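Using the hints, position chain B against chain A.
Chains as they are written, first to last, in this note's numbering: chain A, 1 to 245; chain B, 246 to 490.
Take the hints with a grain of salt, since some may be wrong.
[Unchecked claim] Which bits of chain A does chain B cover? Going by a derived footprint, with three or more residues having C-beta under 8 Å, they are:
#, region
1, 104 to 118
2, 135 to 141
3, 229 to 243
In case anyone wonders, no lab produced these hints; they're calculated from the structure.
It should be emphasised that the depicted structure is a prediction, and the values quoted were computed from it without experimental measurement.
All residues carry an ideal CB built from backbone N, CA and C; glycine is no exception.
One-letter residues, chain by chain:
Number of protein chains: 2
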Amino acid sequence: MNLILLHPNELIWKGDSDSRIESAEAVLKGRRFLHIQSVHKAEIGDLLRVGVINGSTGTGAVKHIDSNSITLNVMLHQHEPPPPLPVTLILALPRPKMLRRILQSATSMGVKKIILLNSYKVEKSFWQSPYLEPTSIDEQLILGLEQAVDTVMPEVIQRKRFKPFVEDELPELAKEKRCIVAHPDQQARFCSTSHSETLLAIGPEGGFIPYEVEKLNNVGFETVTLGQRILKVETAVPVLLSKLF
Amino acid sequence: MNLILLHPNELIWKGDSDSRIESAEAVLKGRRFLHIQSVHKAEIGDLLRVGVINGSTGTGAVKHIDSNSITLNVMLHQHEPPPPLPVTLILALPRPKMLRRILQSATSMGVKKIILLNSYKVEKSFWQSPYLEPTSIDEQLILGLEQAVDTVMPEVIQRKRFKPFVEDELPELAKEKRCIVAHPDQQARFCSTSHSETLLAIGPEGGFIPYEVEKLNNVGFETVTLGQRILKVETAVPVLLSKLF
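One chain only, chain A, in its complex shape (with noise of 0.2 Å):
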């Protein structure tokens, strides 16, 4: 946790009709108490980088411990967060456990969309799992960005079926942009960097099958490799995105 990151209804705004500065108050319980008092082990008077979700970073004071909340003094700055990568990631569903690795990962990376997709080789029972709900992925999208001192929430969409994906809505989504799917083929090109707008489509363990392959070739996708070595999707992400910015 680099930056602790609060939620905007979590700060507690104090007038500034004295000579004191602008600031808020916010009080934290939970995994964010636990780990400002184990890992940081703030004490009062401390300062603590913070950041609200979707707003700005800043300082946060330790005014007061108790034994399960601690309360910060907040002034926020207007830092800009770092910047985001110019990519949309498709990815065919991985197996749930991998998925919030992958979430936390790309978020720290910077990704800023990522489509959930259907594919042949996707587990049905996939679908079917608690990490996917909402609650569940905002939860790996906090700890990527409070990894990466960011604050800008990625959004995350699902889409079961892939067919009706690729046909009615990738068209528009492709449109101007950089469109690349990794796949290993004997005739695929490596990855060269750019800084355009990219849609990065990443199959699942075992791949998309040939007519996958094909139905995003059709939309403008070309197909790149990694070389020889077939790696895991959890690698084969932070992989791609160095490569390919």
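Chain B only, in chain A's frame:
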């Protein structure tokens, strides 16, 4: 498991006195048996991709299946494993659960030498972890090789004292290599790709302390940064390897 990895001792060679092609038999139980049964759903006569640790890859024909083992008829070709990355990874010992994933992903990417090093911010208890025992480390390396269709086992070395390692061993290791320490620093430059033999040092969560960075700089390590975002070590490893090679 894109490759079923066999220990040389597991192969029972059969002569080629008649028209039969020289081949070996291997009987698999436990994890590999379960995987072949439940994921590959192999039946008698099916062909599976196999490899011998530190040896060739080849084909295994399913000869016999019973309730707790599978017998393969193995024929080896002289295929070269995929090329390794020309890197030695010097890793401040990560949290044990994360270490497992890093060993696996680094191996799948082609790292062949990993030095686990102490550092000021490494929790002492990490060095007591059962995950540091050779059998436990080998387990992760094998999973990484199986993932990447590789057969060459990486070497993993443990160094529990930072200063003696950096002062006494590192200068020799560093000779004629590109030496890089990843560290967030305003002055540090970004990574660039190269095919040179490289030593890559990555700190613990929270980073190397300035004294440690200075010690590494003194042995010729150049500080590079990944930019504003602070990444988890398990994300930083694939990102750095992707950006450096």
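So, going through the hints one by one against the coordinates:
For the region 104 to 118 of chain A, the assignment as covered by chain B holds, since 5 residues bring a beta-carbon within under 8 Å of that chain's beta-carbons and 3 suffice. Residues of the region 135 to 141 of chain A lying with their CB closer than 8 Å to a CB of chain B number 0, which falls below the three-residue condition for coverage. With 11 residues bearing a CB less than 8 Å from a CB of chain B, the region 229 to 243 of chain A meets the requirement of three and the coverage assertion stands.
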